[in-house]
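Asker: So you can see what is in the structure, the chains are spelled out below.
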Amino acid sequence: MKPALLIPIFFLFFAIPVRAEVTREQIKEVGKELACLCGDCPRRPLDECVCGYAQQQHERIKKMLASGQTPQAIVDAYISEFGLEILSKPPAKGFNLTAWLMPPLVLLLGFFGVRSVLRTWSKTKIPATPTAQPARDDPYLDRLESDLKERE
Amino acid sequence: MLPQLGNFLLYLALFTSAYAVIAAILAAKTRRMGLILSTERAVLTGFVLCLSAMAILEVLFLTDRFDIYYIATHSSRDLPTGYKFTAVWSGMQGSLLLWALILSGFIFFAVIKTRAFRGPLASYATAIMSFTLVFFLALICIHENPFVTMPRAMPDGTGMNPLLVHPVMAIHPPMLYHGYVGFTVPFAFAMAALLSRQIDEEWIRTTRRWTLLAWFFLGTGQLLGGKWAYVVLGWGGYWGWDPVENAALLPWLTGTAFLHSVMIQEKKGMLKIWNMVLIIATYALCIYGTFLTRSGVVSSVHAFAQSPIGPWFGALVVLIVIFSSLLLISRLDLLKTKTQYESPISREGGFLLNNLLFLTATFAVFWGVMFPVISEAVTGDKITVGPPYFNTVMVPIGLLLLILTGIGPLLAWRRTSGKSLRKHFTGSSILGLICGIVAIALGVRDIYAIISFLFCGFVTGTIITEFHRGARARGSSSGESYLRAIVNLTRRNRRRYGGYIIHFGVVLLFIGFTGNAFNKDSQVELKYMESTDIGPYTLTYEGITESVNPLTADIVAQLGVYKYGQRLGTMWPHQKVYYKRQDQQRTTEVAIRSNLREDLYALYQGVDMRDGEEVALFHLYINPLVMWVWIGAWIITIGTIVVMWPDKREKQVMQMREAMA
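Residue numbers (the numbering used here), protein chains in the order written: chain A, 1 to 152; chain B, 1001 to 1661.
Derived by calculation from the structure, the hints in this document are not laboratory data. Treat the hints with caution; some may be incorrect.
To be verified - SDA-like cross-link-like pairs, simulated, lysine to any residue; straight-line CA separation at most 25 Å: (1) K32/A x L1334/B; (2) K1520/B x L118/A; (3) K1648/B x E1202/B; (4) K28/A x A1377/B; (5) K63/A x P104/A; (6) K1336/B x P91/A; (7) K93/A x S1346/B; (8) K1267/B x M1175/B; (9) K1419/B x L118/A; (10) K1520/B x H58/A; (11) K1267/B x P1396/B; (12) K62/A x K93/A; (13) K93/A x A1377/B; (14) K1382/B x E85/A; (15) K28/A x I1544/B; (16) K28/A x P71/A; (17) K1382/B x D76/A; (18) K1563/B x T1587/B.
As the structure is a prediction and not an experimental result, all values here were calculated from the model.
Here chain A stands alone, though its shape is the one from the complex (with noise of 0.2 Å):
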């Protein structure tokens, strides 16, 4: 071989894609996605649980994102494989969103409610607490806030 094709060969060397190591991170970003489905853990991320079979699904997922697949294709290759059971958390689309949407609509529905509750009540003009029982501690109380009130 004549020496002065080396040269482009030797730049071609360098054109190679050369990945970087994967790291710890980069497993965990994808791990945390995806739960462990051993049997044993409660259904802990991949990405904190410490047992046999979290750690091979690490092994895997390491692997992946060396042969260069991206954390989506990761989670999508997992969800083909093991179903939607596979993601730690319930995705936010079709029925699965309702998981999501609603706490905060009990929230807001709440928060109407008791406004509502506040409104009837402000509309009636009794004087307070008809049935209740003062508190046996009151006459304390009440002297420790009229004392307050006095320092002010």
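Following the hints, complete the assembly by docking chain B onto the known chain A.
Answerer: Same frame as chain A, now just chain B:
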């Protein structure tokens, strides 16, 4: 002979308790003193019988009676004596008996405490509590009898579940049971108030301490469970949003809402219906928690507690909800109150917001626990609702509750003026802001963590302000020294200032929770005398030692801990192999170096070969601020003791009522 005697005592307890139900109902209806006294004696007998049955089971465990199926499957000869004692509640049959014993004890003490005002309220309450005891005893006698013997004794037992061989697990289940059972008392008195139409605040005053006790046990039981998970399960955390953890959290959340909400009823006569709803929900959720643990409806780390009796608990939840709802509806007219209200910026408004947030939190957790079942029923797809869901949903609610912990107690009844708000909150707000700014200056960038530190500072400020104002006022009127004034202030008003101490404990819990945002971990493979860095620490692997004990073979790894080149000490994370078990089950014992700033947490995961050389595998964590969770738990304990400490004036009132009765 002993197993047969234990069995006989259980059946006797069942019949005595069934008699107590009938006698108590008749006593409530006829008000005949003879029946009332007969009920009381039946309750006492039931307690003594349950206690005797439990004592017999303990003796059988301690004497290795492997002709009894329950003992043969939950103990072994080599189990240390202390664990033989606690192994009694390591399985379904024994834990149900423990539950029945605690319940019979609670009923007995509730009857003793209410002898001052015998009448329909106390009688109906006794009937309802005894009915619950009948349910448990019937389950034990029919389905889960711990005294069932085998035709031939086994030479040795299969042993206790290795995960439960831990000091914390000896007290975690009894604590939780005290919590679950404890809520039976306020529930029973609430239903008794409806049945007897005594719809005043009597049932609340009677059960205030029981409620607080149940709340405390349930909360402490959960924290102990968290401690166990932290040191045994080895994943570096103390709360995993496991369905069964959540099941215990649910009644604690509604119970906390109830504890706050009843204050409005006591002070203002308001929210009578709402308080009934809260205590019904709390009790139903207690049984629902048991149903979840036993039924296997959702997967959980508590799968070892599964049993065919799950549907029975499901049925009991349905029965409780239907019975109490119908009863409540039938008494709505009696519960309606007319109340004057002026402004949302008032103590009433604060309590309502508090209740709304606690109920939203309850719903969010309930929804998260049940959603996999619901989703599968609707879509056919199995899904997972894991910690990321709960953290996303619950952290904002938790932070809102935290800030309310500071604001609520300082609001005045009916209306709080702008001037008062400024006066009460200026100093605390400044302290909160300082905490937030310091957090940012120290490099905290997580928005929730910054908000949490800010709120923690604010709430601490409000608590300090309250103590300071009280002590100053008391000191100026009585001439007491500042410290003496604080002590006397608390002694004279235990509910109020004990409550502040509990709130301060909650602040410390939140500081600990916030530390989760900064957790670091690393998985390493170390050759002999090789080192690795995590945070400011350097850990050197210094070899492995193995030892064989009667119960386990221990493989102990040694890690030298250095900080800035200086040796701090040694950590010994290890694995225990239960070599006598067929499955050769392994458990991990993590090594933890704790200080107020952080925990250095090491998990040993075994050895492997790399390039012909042996390497030890470790999972290392730095968990900041965890210590504050346990300190917070102790502060809450102190606060609860302060609130519950007997009050001379209350005693005098009780004595007067007793004399009148």
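Asker: If a hint holds in the structure, say so; if it does not, say that too.
Answerer: These are the hints, each one checked on the structure:
{"no.": "1", "hint": "K32/A x L1334/B", "verdict": "53 Å, violated"}
{"no.": "2", "hint": "K1520/B x L118/A", "verdict": "47 Å, violated"}
{"no.": "3", "hint": "K1648/B x E1202/B", "verdict": "19 Å, holds"}
{"no.": "4", "hint": "K28/A x A1377/B", "verdict": "32 Å, violated"}
{"no.": "5", "hint": "K63/A x P104/A", "verdict": "39 Å, violated"}
{"no.": "6", "hint": "K1336/B x P91/A", "verdict": "44 Å, violated"}
{"no.": "7", "hint": "K93/A x S1346/B", "verdict": "41 Å, violated"}
{"no.": "8", "hint": "K1267/B x M1175/B", "verdict": "31 Å, violated"}
{"no.": "9", "hint": "K1419/B x L118/A", "verdict": "23 Å, holds"}
{"no.": "10", "hint": "K1520/B x H58/A", "verdict": "17 Å, holds"}
{"no.": "11", "hint": "K1267/B x P1396/B", "verdict": "30 Å, violated"}
{"no.": "12", "hint": "K62/A x K93/A", "verdict": "28 Å, violated"}
{"no.": "13", "hint": "K93/A x A1377/B", "verdict": "17 Å, holds"}
{"no.": "14", "hint": "K1382/B x E85/A", "verdict": "5 Å, holds"}
{"no.": "15", "hint": "K28/A x I1544/B", "verdict": "29 Å, violated"}
{"no.": "16", "hint": "K28/A x P71/A", "verdict": "10 Å, holds"}
{"no.": "17", "hint": "K1382/B x D76/A", "verdict": "16 Å, holds"}
{"no.": "18", "hint": "K1563/B x T1587/B", "verdict": "29 Å, violated"}
The structure shown violates the earlier hints numbered 1, 2, 4, 5, 6, 7, 8, 11, 12, 15 and 18.
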